[in-house]
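Line by line, the protein sequences give chains A and B. In terms of the working numbering, the first sequence opens at residue 1 and continues consecutively. In terms of the working numbering, the second sequence opens at residue 1001 and continues consecutively.
Calculated from the structure, these hints are not laboratory results. Incorrect hints may appear among the rest.
Claimed, not checked - Computed Cβ-Cβ distance ranges for the label pairs, DEER-style: (1) A:234 / B:1246: 21 to 29 Å; (2) B:1027 / A:226: 51 to 59 Å; (3) B:1100 / A:208: 20 to 28 Å.
Claimed, not checked - When the alpha-carbon atoms are kept at most 25 Å apart in a straight line, the in silico SDA-like pairs for lysine to any residue are as follows: (4) A:181 / B:1200; (5) A:181 / B:1074; (6) B:1074 / A:145.
Predicted model, so just to flag it, every value in this text is computed and none were measured. All residues carry an ideal CB built from backbone N, CA and C; glycine is no exception.
Below, each chain spelled out in residue letters.
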Amino acid sequence: MAEIPEHLLKRAQEARQRAQAQKGGGSSAPEAPGQGGGGSDASEASGSEPSGVSGQGGSSGPKIPEHLLDRSRSAREQAGAGGAAPAEAAVATAPMPAAPAQPVHTGPGGGTQRLLTVVKSGSIQDVKATPTDKVHVWPHLLVVEFVAALLVTAFTLIFSIFVNAPLLELANVNETPNPSKAPWYFLGLQELLTMFHPMVAGVTIPGIGLFLLILAPYMDRNPSKKPEDRKFAISLMTLHLMFWAILVLIGSFFRGPGFNFVFPWVDGLFFEL
Amino acid sequence: MAKKPRPPASERAKQSMGTMMSDVQGSQAWSSIFRPGSIFRKGYSDSPRNRSYVIMNSVLYHLHPVKVKRHAVKVSYTLCLGGLSFFLFILLTVTGIFLMFFYRPTATQAWDDIYNLQASVTFGLLVRNMHRWAAHLMVISVFLHMARVFYHGAYKPPREFNWVIGVILLTLTLLLSFTGYLLPWDQLALWAVTVGTNMMGFTPVFGEEVRFALLGSREISTDTLLRWYVLHVLMLPFVIVIFMAIHFWRVRKDGGISGPL
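Excised from the complex, chain A in its bound form:
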């Protein structure tokens, strides 16, 4: 037999003691076994009749929404005014000696109804407010992807037919070309090298940039995706991208021998891809 956890045993014992105390008190109604130890009737919760109120009944009162209390109150009044017969039937099924005409809610079969729990809408079912407009991936998406892939292949192929990849003379450690440039995507860093100490330009600044880029979604707590709500984030990113783009452009086209500033239309290009 599985072991019963201690806190459950304790809780059961407390409930048993409470039930015994209530029975022993005699003044209040003996609770039917079906109602359990902590069962709270809606009528009890309304607090109009103190006879059956136990500790739990009072505490669970505020949990019941106002409109349900109103409904039960009006139902009770109706039962008290016109429906004497069903009220008696209800009393017969559920022993409520303390208040014979009072706590009766007649159900469809004439039985007593009890409010067990209130389930708020949306807590269990996921209500889809806006149905999304979906299409089949085949053919709608696959066709687009295929055409895009085809266009890129065609572009690469045609470009490769007309423009050859550079192959300069054999590498020679003893002959430094002037200027020596890094690959184009690192030319922004090389450009920074003209302004800062190599450790700052080559490690610190790109390191911080990369770190901030990784942290972007965790720093930007703004839930909106609308551009008008994200003016700051968009300006910051644009500034950041422009910063690198301009540095790369300067490094690529405006740096000549000795990495000095030149105008490409005056001194020519010093740039290989």
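Following the hints, position chain B against chain A.
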């Protein structure tokens, strides 16, 4: 008495071709190869069920969901940049494998191999060009993909972590391009890499060690060539494929492509 005219030869050929085709398509071997929903299967028709099968029953296409939000198909929204980055990676893998047949990563042979590839191998020059230009294109498309995702706010919850994976992929793309840069072993390669690795040598505390680990020696040499070759053709592609798998998987798990603005 009028004899029924024999149909012309072309008609007869068409007819026998038709019965042959339907016999082949009806065979067990054929239907064991092409799963339901394949357009090569007998009696393929365009129905919602078959449209779903096309995706579900294809190892290539099942990266996709069966259905996507309509706005996801709009080219003006995604610009296809993520998909094109992946496609360029595939193109680079295919052209790269071709190049590997003709290349030896040693200081004495590398440049000659590239030169001979261009001069005497059929389509050698073309494939090398394609590899080079597709590599630059991939750097650009990955970069633009990142910018597009940022401007659409597509990195916001629940997609924060996929953004992090994306930044890692961008870094790996740059590293792949940079390691490939050295391999032709010409003046351009040597000195571009010299400039790049000199910068890394200024890493605080471990600068010299980082540089030595990257170069395999004090200066760029044949050891560096071998090291960067292995990085370029094996290790970095291996790592980037793992991260790409996580990236694509997370796209699906995080609710598909992000919503419109």
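So, going through the hints one by one against the coordinates:
Between residue 234 of chain A and residue 1246 of chain B the beta carbons are some 28 Å apart, a value that agrees with the proposed interval 21 to 29 Å. As the Cβ distance of residue 1027 of chain B to residue 226 of chain A is approximately 57 Å, the hint placing it in 51 to 59 Å holds. For residue 1100 of chain B and residue 208 of chain A, the hinted distance range of 20 to 28 Å is not satisfied, since their beta carbons lie about 37 Å from each other. Taking the CA atoms of residue 181 of chain A and residue 1200 of chain B, the gap is about 15 Å. The hint holds against a cut of 25 Å.
Of the pairs offered as hints, the one joining residue 181 of chain A and residue 1074 of chain B is violated, with about 40 Å between alpha carbons and a cut-off of 25 Å exceeded. In summary, the hint linking residue 1074 of chain B to residue 145 of chain A is supported, as the alpha carbons are separated by about 11 Å, within the 25 Å threshold.
In terms of the numbered hints stated before, the structure departs from hints 3 and 5, listed from lowest to highest.
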